[in-house]
Amino acid sequence: MVDVDFSQLPFSLLDDSAREQLGAAMEMAWFDGAQVILEAGKAAEFVHLVHKGAVLEIDPTLPPQAGRLGVYGAGALFGALSVLNGRSRYRFVAEEETLCYLIPAALFKNLCQQHGEFDEYFRQRLVAKNRMLAERREGGVTMAGFMLARVDQCMRQPVLLPEQGSIREAVSALDAHSGDSLMVVRGSRVGMITKTDLLHGLVHDGMSVDSPALALASFELVAVPPGEYLFAALVRMTRHKVARVVVMEGPVPVGVVELTDVLSFFSSRSYVVGLEVEKADDLQALALASARLPELVQALMAQGVKMRFAMDLMAALNGRIISKAFQFVIAEERRDRVCLMVLGSEGRGEQILKTDQDNGLILGDDGDWPERDQLLNRFTETLLALGYPLCPGGIMVNQPRWVGSLADWRRRIGRWAEQGDEQAMMRLAILLDAHPAAGRVELVERMREALFQRCSGDQILLSRFARPVLQFSTPLRWFGALKKPQQGIDIKKGGLFPVVHGVRALSLEQRIGATGTFARLDRLAAAGVLEAGFAEELGESMALFAELRLRQQLASLDANQPAAGHNQIQVEQLSALERDLLRESLQVVNEFKKRLSRRFHLEY
Amino acid sequence: MLKRMIQRHRHGAGPFGHLFQAPDGQELMALDCETTGLDPRRCELVSVAAVPIRAGRVQAGAALDLRIRTPASLDAQSIRVHRLRGVDLEDGLEAEQALERLLDFIGNRPLVGWCLDFDLTVLNRVARRHTGFDLPNPVIELSDLYRRHQARRRPDALPDLRFESAARCLGVPVIGRHSARGDATTAALMYLRLKKP
Chain A
1 MVDVDFSQLP FSLLDDSARE QLGAAMEMAW FDGAQVILEA GKAAEFVHLV
51 HKGAVLEIDP TLPPQAGRLG VYGAGALFGA LSVLNGRSRY RFVAEEETLC
101 YLIPAALFKN LCQQHGEFDE YFRQRLVAKN RMLAERREGG VTMAGFMLAR
151 VDQCMRQPVL LPEQGSIREA VSALDAHSGD SLMVVRGSRV GMITKTDLLH
201 GLVHDGMSVD SPALALASFE LVAVPPGEYL FAALVRMTRH KVARVVVMEG
251 PVPVGVVELT DVLSFFSSRS YVVGLEVEKA DDLQALALAS ARLPELVQAL
301 MAQGVKMRFA MDLMAALNGR IISKAFQFVI AEERRDRVCL MVLGSEGRGE
351 QILKTDQDNG LILGDDGDWP ERDQLLNRFT ETLLALGYPL CPGGIMVNQP
401 RWVGSLADWR RRIGRWAEQG DEQAMMRLAI LLDAHPAAGR VELVERMREA
451 LFQRCSGDQI LLSRFARPVL QFSTPLRWFG ALKKPQQGID IKKGGLFPVV
501 HGVRALSLEQ RIGATGTFAR LDRLAAAGVL EAGFAEELGE SMALFAELRL
551 RQQLASLDAN QPAAGHNQIQ VEQLSALERD LLRESLQVVN EFKKRLSRRF
601 HLEY
Chain B
1001 MLKRMIQRHR HGAGPFGHLF QAPDGQELMA LDCETTGLDP RRCELVSVAA
1051 VPIRAGRVQA GAALDLRIRT PASLDAQSIR VHRLRGVDLE DGLEAEQALE
1101 RLLDFIGNRP LVGWCLDFDL TVLNRVARRH TGFDLPNPVI ELSDLYRRHQ
1151 ARRRPDALPD LRFESAARCL GVPVIGRHSA RGDATTAALM YLRLKKP
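Those protein sequences? They're chains A and B, same order as listed.
Counting in my numbering, the first sequence runs without a single skipped number right up to 604 at its last residue.
Counting in my numbering, the second sequence runs without a single skipped number right up to 1197 at its last residue.
Hints may be right or wrong, so weigh each one.
Stated by the list, open to error - Listed next, the in silico DSS-like pairs over lysine-lysine satisfying Cα-Cα at most 27 Å (straight line):
1) A:42 with B:1196
2) A:493 with A:354
3) A:594 with A:483
4) A:195 with B:1195
5) A:109 with A:129
6) B:1003 with A:52
7) A:306 with A:354
8) A:42 with A:129
9) A:129 with A:52
Said to hold, decoys possible - Not the full set, but computed from the structure, chain A residues with beta-carbon under 7 Å of chain B:
10) 23
11) 24
12) 165
Please keep in mind that the hints were generated in silico from the structure rather than gathered at the bench.
Beta carbons: idealized from backbone N, C-alpha and C, even for Gly.
Using the sequences plus the hints, can you model the full thing?
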């Protein structure tokens, strides 16, 4: 007998003859660590039951952190939904050496047809999973959570004033609680006094600071119970044209909900933008959602969200927008035969504000079609309409140079590697950062494999590839102080680029398929190419540069300045602490450059 | 070798002729027997199991698992090892019937197993009596593969050639130890690990 406990869910929903059938058809297979068990978009041949080991479920179009959807350990079943849907939406990868039982897809479907409960079990899992994924995308709160927020999640403690309290006492109580309104209880009735009421009393009614405040209170209040939906409270405020409602539990006032609190509760959530992107079913809606991204970035920065997390979130959102745009333009049966990849900073998932569109297309077998150029042109224009400027270097799918079958790409890689000049090296670098955005994602991996095959072993090529790292000098003086040229320090040339490109060169040498700089650093440290401590310092430096640059960009976005000058950091405007951090980070960059020039023999 | 050639000559055109044809290399069979004792010349078959290996997968569910009717030499000692009592075996097959079913199932596929010599000696005693020839299948000895595998990794250490410790070393979970089917499945999984590119 197979070593599976059939008395557990979901097998307990089957009858004996079905279990027997199942037992007789089960197979077993090993998967090595990092082996792809089931590729996204592929038809699933088996349902897998993990016997030993662990399997990751990954959305390959998202950055590595956000893309990890689930882990399946011993006893867990995966691939069932893929079998029922016909193909897998996500990629399943063995995290370590894994032994799985395999249930043939045909048998599994049969069992589902014959056993209603068994089928129902998996359908419900599908629903639950979709909900879970939606929650993740929207930052932990669903649309339901948004609508279902209750008044008591958002109310303030009421500031109570004794019945005989004077205006002076009222003002100091407001100051102490930094509130906008206070409550007075007289007998069984509750009254409210707002700051405006106090002003009126003092200025218009000629009261003194020692007069009792009770006369100013209004007893006609709009009240809600604490269990009421916040949404409903907002509706009542609008209807009664007031800016606050009192929360009453029976006769006792337990809180106040201010209009400003409600508005900030609703608007400063990243999931609002995420939701808008998901819901958009035409270009216009998508463009509206897309235009809100900078606002979201500002909110995130204001909340002090970690740079790495903000990058991941923005990359995920940008990825969704591009993928949606691709859906709008290209018909489904075409989409499945090609792969849209985003390149450069977008591919690395390090683009926070929208920059130029860098993308390319890989055609699968029989992926070509006659009106291709026309459609790709439209796609480029669509992205332009969504706020992604055209790439001045022409790295876009409307250029035939960035579209082709795997064989074409292989030829191009070979040609660029032969040329060896600066432009060709930059193209290889851009291609190395390719990340799938839509379509058949595994094509990108195969293209990258070809790239590794041609380049990773070629020392002369690697040396040429890494050379631009030394192109710009680090803006530090001889004794390690910051240089302060009049136009500011160019943070991109002096800091970001050497780190990003150096890490990229090392990844090319080590055949690391990850595209984000942080992920690459982790992998390099794991492979022993960089010490873990140094890799961490590089990551921190990179985050600092990105943050300084982003702040500069946001500031000039506010001032409606042109894009130029984004990278210039005015040292004088930084705080002393930031200046110190910047100096140390630049020293880390210097050290990294030295190591790179030794490793790739850049000084000859 | 010579014996095999002679037997092929004699039986190649007989009812078991297909057993003597060269295998196509697509499929293997992991094989294991439980017996009444540890002396292969004297002990009797208690149960025998074969698990197919195809395309890098162990077809655990499709395994053949046969029990043989209580042999005379079943004693307390062997019951303690494989936990099959005389009563459990009452509805078992005759050894000859079991052999025919087994031959039918494994065909000409190469056999994989841990210390197959022992199993084959016992099986061949029945086979010679019944069909007149030894099992002609090519044999892949797991313990040899394992020894080579260990020699490459740790040339200085003497490998621990017990079935359980080898399985542990390869990270293979032992499934139903001392049942023919369990051991055959474990052996099949070990084979896949040892053959890993």
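Next pair to validate is residue 1003 (chain B) with residue 52 (chain A); report whether the Cα-Cα distance is within 27 Å.
violated (44 Å)
Given residue 165 (chain A) was flagged as interface, is its beta-carbon under 7 Å from a beta-carbon of chain B?
violated (75 Å)
Would the stated hint for residue 24 (chain A) survive a check requiring a Cβ distance to chain B of less than 7 Å?
Check passed: Cβ of residue 24 (chain A) comes within 5 Å of chain B, closer than 7 Å.
Would you check the hint for residue 42 (chain A) and residue 1196 (chain B), treating anything up to 27 Å between C-alpha atoms as holding?
holds (24 Å)
Does residue 23 (chain A) pass the interface check with chain B, least Cβ-Cβ distance below 7 Å?
holds (5 Å)
Does the structure keep residue 129 (chain A) and residue 52 (chain A) at a Cα separation of 27 Å or less?
Between residue 129 (chain A) and residue 52 (chain A) the Cα gap is close to 23 Å, so the pair holds against 27 Å.
Pair hint residue 195 (chain A) and residue 1195 (chain B), alpha-carbon separation not exceeding 27 Å:
Outside the cut-off at roughly 81 Å; violated.
Under the criterion that the straight-line Cα-Cα distance not exceed 27 Å, is the pair residue 42 (chain A), residue 129 (chain A) satisfied?
holds (19 Å)
Is residue 594 (chain A) within 27 Å of residue 483 (chain A), Cα to Cα?
holds (19 Å)
Is residue 109 (chain A) close enough to residue 129 (chain A), meaning Cα to Cα at most 27 Å?
holds (20 Å)
Pairwise hint evaluation, residue 354 (chain A) against residue 493 (chain A), where the allowed Cα distance is 27 Å at most:
holds (19 Å)
Regarding the pair residue 306 (chain A) and residue 354 (chain A), is the alpha-carbon distance no greater than 27 Å?
holds (19 Å)
In summary, the numbered hints that this structure violates are 4, 6, 12.
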